[in-house]
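Here are the chains, one letter per residue:
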Amino acid sequence: MSNITILCVEDEAEIRALLVEELEDAGFKTLQAANGREGLETILAKWPDIVICDVTMPEMDGHELLAEIQLNHPELSNVPFIFLTALADKENMILGLQSGAADYLTKPIDFDILLAKVTGCITRIENDKKTGRAF
Amino acid sequence: MLGLNQSVVGNVPCLGLAGNEILRLGYSDQILAQIIPKILRVIVETASLELQPKGALYLKNVASDDIKLAGLYNLEWSQIDPSLQLGLEFHLEQNCEAETDRILVPVISDLDQTIGTLVFYKSCAGPYAHSEALAALVREVAFVVCAKLKQECDQPAPQHMLAEQSAKNDDKTILHDSLHELLRTTVDNFPGGICVLSSDLTVIMVNKRLYEILDLPETTFPVGCNFADILRFYARRGEYGQGDVEELAQIRIRHAKQFIEDTFDRETASGLFLEVRTTPLASGGCMVSYLDITARKKAEKELLQHRDRLEGLVTSRTSEVEQQARKLKRLLVRERQVNKQMSQFVATASHELRTPLAIIDGAAQRLARTKSEVTPDFISGKVDRIRGSVSRMVELMESFLAFGRLEQGLLDIKPEALSISDLIRHCVADQLKVRPSHEINLDIDELPSLIMADRSALQQVFNNLLSNAIKYAPNSPEIFLRGWCENNKVYVSVRDQGLGIDADDLPKLFERYFRARSSCGIAGTGIGLNLVQQIVKLHGGAITVQSEIDQGTVFTVELPNFVNAPTRCKIPAIEIA
Numbered sequence: 001m002s003n004i005t006i007l008c009v010e011d012e013a014e015i016r017a018l019l020v021e022e023l024e025d026a027g028f029k030t031l032q033a034a035n036g037r038e039g040l041e042t043i044l045a046k047w048p049d050i051v052i053c054d055v056t057m058p059e060m061d062g063h064e065l066l067a068e069i070q071l072n073h074p075e076l077s078n079v080p081f082i083f084l085t086a087l088a089d090k091e092n093m094i095l096g097l098q099s100g101a102a103d104y105l106t107k108p109i110d111f112d113i114l115l116a117k118v119t120g121c122i123t124r125i126e127n128d129k130k131t132g133r134a135f
Numbered sequence: 001m002l003g004l005n006q007s008v009v010g011n012v013p014c015l016g017l018a019g020n021e022i023l024r025l026g027y028s029d030q031i032l033a034q035i036i037p038k039i040l041r042v043i044v045e046t047a048s049l050e051l052q053p054k055g056a057l058y059l060k061n062v063a064s065d066d067i068k069l070a071g072l073y074n075l076e077w078s079q080i081d082p083s084l085q086l087g088l089e090f091h092l093e094q095n096c097e098a099e100t101d102r103i104l105v106p107v108i109s110d111l112d113q114t115i116g117t118l119v120f121y122k123s124c125a126g127p128y129a130h131s132e133a134l135a136a137l138v139r140e141v142a143f144v145v146c147a148k149l150k151q152e153c154d155q156p157a158p159q160h161m162l163a164e165q166s167a168k169n170d171d172k173t174i175l176h177d178s179l180h181e182l183l184r185t186t187v188d189n190f191p192g193g194i195c196v197l198s199s200d201l202t203v204i205m206v207n208k209r210l211y212e213i214l215d216l217p218e219t220t221f222p223v224g225c226n227f228a229d230i231l232r233f234y235a236r237r238g239e240y241g242q243g244d245v246e247e248l249a250q251i252r253i254r255h256a257k258q259f260i261e262d263t264f265d266r267e268t269a270s271g272l273f274l275e276v277r278t279t280p281l282a283s284g285g286c287m288v289s290y291l292d293i294t295a296r297k298k299a300e301k302e303l304l305q306h307r308d309r310l311e312g313l314v315t316s317r318t319s320e321v322e323q324q325a326r327k328l329k330r331l332l333v334r335e336r337q338v339n340k341q342m343s344q345f346v347a348t349a350s351h352e353l354r355t356p357l358a359i360i361d362g363a364a365q366r367l368a369r370t371k372s373e374v375t376p377d378f379i380s381g382k383v384d385r386i387r388g389s390v391s392r393m394v395e396l397m398e399s400f401l402a403f404g405r406l407e408q409g410l411l412d413i414k415p416e417a418l419s420i421s422d423l424i425r426h427c428v429a430d431q432l433k434v435r436p437s438h439e440i441n442l443d444i445d446e447l448p449s450l451i452m453a454d455r456s457a458l459q460q461v462f463n464n465l466l467s468n469a470i471k472y473a474p475n476s477p478e479i480f481l482r483g484w485c486e487n488n489k490v491y492v493s494v495r496d497q498g499l500g501i502d503a504d505d506l507p508k509l510f511e512r513y514f515r516a517r518s519s520c521g522i523a524g525t526g527i528g529l530n531l532v533q534q535i536v537k538l539h540g541g542a543i544t545v546q547s548e549i550d551q552g553t554v555f556t557v558e559l560p561n562f563v564n565a566p567t568r569c570k571i572p573a574i575e576i577a
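Residue numbers (my numbering), protein chains in the order written: chain V, 1 to 135; chain E, 1 to 577.
Chain E on its own, in the form it takes in the complex:
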């Protein structure tokens, strides 16, 4: 079934009119041969008539009733089937053997007369799916041709004279004039301003839009004027900025005279943006076109501003994000360090507990296993070891607990009036019980009788300092503890002659979990000195350290002579690392 119907056929009368005009004006075959294929090509190609579309236009001579082949596309004259029966109705002829279909479209004139037939050939047999598009295109193209021809017909005398001349077969003139007219129409309908210049810059063609767009008085610069005068007029009006008018104009005149292909944008004094395009002509001279691109420029400018704003936004956001990323990374590194330190602490803490446990267990086993005679001395020796290790574990546990309370900000200092000398003696005795290998020399006569301090906290301070001194001086059994008063402050120093601490480790010595390099191989948790420092600070005091590798270390605690502190003080939670 054919896809096209009668109503579609009725939509293409313009081509009929065109055909009429062609016949009426008596164009020769040569001209028809030039024009008609172009029409057909456009129709056939755009109507999707499959591969290698072919077409032909037949027109009926109104006067003689003959049907005349008016034009071909992709076909040779010789290929035309002489037996072709031109139907006056629209239909599809299928020819399965030749695998070619013919679509016949009647051409209907203004007066509703069928005056010809368009024949399209499509390569594949089968229904035609593009009937609507074909109809629309036939109408479109026919309209253009028709309008052009009609205009020609409606021209006053000279044009008719031309037409008459053409009747004398002056084909060239007709062609030239028709092309000129085509050009004229195109130029007039061009959305921008156009002027065509001869080689001496004489304006030989302009359109009305040029005067509007350049804001030029038409009467001052009619066709035939010189383009240089337009440029001077413009320079005077200040279109080219400040400066000598002639000089400004001359720059433009020289540029125009180069007759080169060029495109540039220009802003007029009235605020319009023009795209100026110069195209050299083969005959010399050039064509200058002016397009008003103000709207586009404005949009571009807005787009640029928008882009700049966006870029600025992106840049600032990016830097914000980068900053946050850096901060996060720093926090992450810290967090990892703390985590690592924590797990390290757990490992060393368990190690620290295993050592006294091993002593307790070993001593207990020895009590049960000994093969020699069990003397009271043997028993008391073992019991002392067991009890000493238990004190060591208790000391350790208290230190862990205090540290835990410190972590949570719960370490309470409950100052009371106490004898610091007694407290120190008590600590020394405890240490010697646990670590009998060393000797502690006391010089504490200068200490005041009473100070305000938290008893158990201060015990932790001295126990830590003394056990450190012993631990880190394995081969130097002498420890010196000295106490004195100075500037209403109480000082206690603990000195060993042991391993010493590397100078660059000193600043980090009181950091949580930090262990100096020289402590390598010696068990420890890294919390003792941190705890000591925190406790001393809570008492309003300070702790300092001096050390030299292989010479020994001195820790000096400084406390207020009499702390009139509140009976209870609590510190806020300490920020983790």
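Looking at chain V on its own, in the form it has when it is part of the complex:
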């Protein structure tokens, strides 16, 4: 069992459930949030290792959440932030990546690819820890 914790921020409960199921099956610990505001609270309280986040959500959307972290919580800006969204247009993709997202994935998502991205992030985190670049 890995001790990596991944936060899933997703307003569609069914998608969230499938994601959590897949990630836990792959051996990760998971946290859940139904919108950006809940996501922010969870990030601040639990310090997950990776965040997988939808864009279109009520109360606070994914772009707003990432901007909030970058602006007001720089200590958390190293946490890899992967967008997973149905918004497949170029503008949103550019906006997301410019804001500092580690990746921008579109729905529907192949779980193999999602896991590969997550693994890539973990490798970087581990390396950063070894070289003392993070935390």
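One or more of the hints may lead you astray.
Stated by the list, open to error - Mimicking DSBU-like on lysine-lysine, the simulated pairs with C-alpha atoms at most 35 Å apart in a straight line are:
1) V:LYS130 <-> E:LYS371
2) E:LYS508 <-> V:LYS117
3) V:LYS46 <-> E:LYS508
4) V:LYS129 <-> E:LYS433
5) E:LYS508 <-> V:LYS129
6) V:LYS90 <-> E:LYS508
7) V:LYS90 <-> E:LYS537
8) E:LYS508 <-> V:LYS29
As the list claims (entries may be wrong) - The following label-pair restraints were derived from C-beta to C-beta distances:
9) E:GLU478 <-> V:ARG124: 44 to 50 Å
10) V:ALA45 <-> E:VAL333: 47 to 53 Å
11) E:MET397 <-> V:LYS46: 39 to 45 Å
What the hints contain is simulated information worked out from the structure, not anything from laboratory work. Where is the CB? At the ideal position from N, CA and C, for every residue including glycine.
Mind docking chain E on chain V? Use the hints.
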């Protein structure tokens, strides 16, 4: 080769005559010196004899056969070449060393005798290109001088006496009289009326045209009369409008006595337009001239009318064009809005389809990938999700299709007798399958057993209202659906306790593609409520909304109790925005 020929020479006999007269009258050198240069200047300058043209006139004394220099222009007496051989034929003498050419023009009298020579000097050696113009001008100017001199000759005794006096070398008198005569001729030939007034307004010179143009009796106002009397006569005749005659006249008399330079237009009682010009004279008094400018005024007036008409036309056309431009601009703005909304719709529609697709794909992948034991519950759970998402997509597709048909005016309503309660229960069940997160409380016992409605259209209405209620109340899982009858009408309300809608968004809520501000972050296409409203209207009903931010929203559908509608109704195409 010289440009002038013999025929041109033959065209200038008048100057010969003038020369004859000059010699016959025995004008002194002094007078010749005054008159001849003027003639030559006009000829030489206008004949384009290049820069600094020079000229001289030689005349032969008929009696003595001597050749006498009669006048010069731009030349000093001392500059005359004494050795000049005056040819009696027209020719060009080129003098390349001095870079000066001489054109010699014989002067021929009425009797075909050569009586003198005109000599022109031009500055550049070479052919002369203006021979025709020179000939014409020589003729023209010579004619004027000649006519004047001839008139002098033809005058009766006093004039001859003057001429005789001039023979006594009374140059001044001759000059004065010749000038007076020149003036007389000019005045008589002036196209307008002229009168010269002395300082006490006595008329000292008039021309015939004045009597014509002012419509004055010549006998009543001869030379020597007073101009004030003319003005009084005019005032009496009503030329200056209504009023006291003397007063009207006095105004004009005072004005005339000012002897100032002035020009004004005046309309006479007979309808003529006159341009009146007063010019003060050095000796006191003034000259008054009257020009008939009726034709010009008429043309001006027509021109003004024409201009006004054109201006009016331009103004009205401009405003027409501006109006059209404004209309076009409005249409363009609308068109842009619609275009923007359309592309926005396409983007959100694709987003709306991706979400259930993601659920289907995710569930299918999970079925294949699960590492734990595959239980029947696990399989049925995934299958339910897949089927629920498929229904959601079908719902979406139907809504798009209905909307498309609505756009094209092809949405058909086929009313049938149906149980509205059953239809609502069916919709609620469908919604709960797709969106199990919420709970829908039903209170529909008061609804009638049957109404006339289009089944699938009405299903779209309730599916839309219910899915909206769930979607826009993510944190309030209770939805209330109530149905009742009132005043022979059927009412169904769907209430949520969700986000609510801003008051100023409410009027626009049923507009196509409109999305309320509070829907921000929640997926949606903006066509659902528009479709709902159109369908309800097609059933002869109405839909209303009440909402409060953070409290929730109530949509109420009103339908006729029993629609005795035609079995099929079709609406015309709805005008785009």
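Evaluation of the provided hints:
For the given pair, V:LYS130 sits about 32 Å from E:LYS371 by alpha-carbon distance, which is consistent with the 35 Å threshold. Simply put, E:LYS508 and V:LYS117 have alpha-carbon atoms about 43 Å apart, too far for the 35 Å limit, and the pair is violated. Restraint check: the Cα-Cα separation between V:LYS46 and E:LYS508 comes to about 42 Å, which exceeds 35 Å; the hinted pair is violated. For a cut-off of 35 Å, the pair hint linking V:LYS129 to E:LYS433 is broken: about 46 Å separates their Cα positions.
This hinted pair does not check out: E:LYS508 and V:LYS129 have alpha carbons roughly 54 Å apart, beyond 35 Å. In summary, the hint linking V:LYS90 to E:LYS508 is supported, as the alpha carbons are separated by about 30 Å, within the 35 Å threshold. The suggested pairing of V:LYS90 with E:LYS537 is violated, with an alpha-carbon distance near 39 Å, which exceeds 35 Å. Between E:LYS508 and V:LYS29 the CA atoms are separated by roughly 46 Å; this puts the pair beyond 35 Å, and the hint is violated.
Between E:GLU478 and V:ARG124, the C-beta spacing of about 45 Å keeps the proposed range 44 to 50 Å intact. Taking 47 to 53 Å as the suggested C-beta distance range, the pair V:ALA45 and E:VAL333 conforms, at roughly 49 Å. E:MET397 and V:LYS46 have their C-beta atoms about 40 Å apart, which keeps the hinted 39 to 45 Å range intact.
Consistency with the previously given hints fails for numbers 2, 3, 4, 5, 7 and 8, ordered from lowest to highest.
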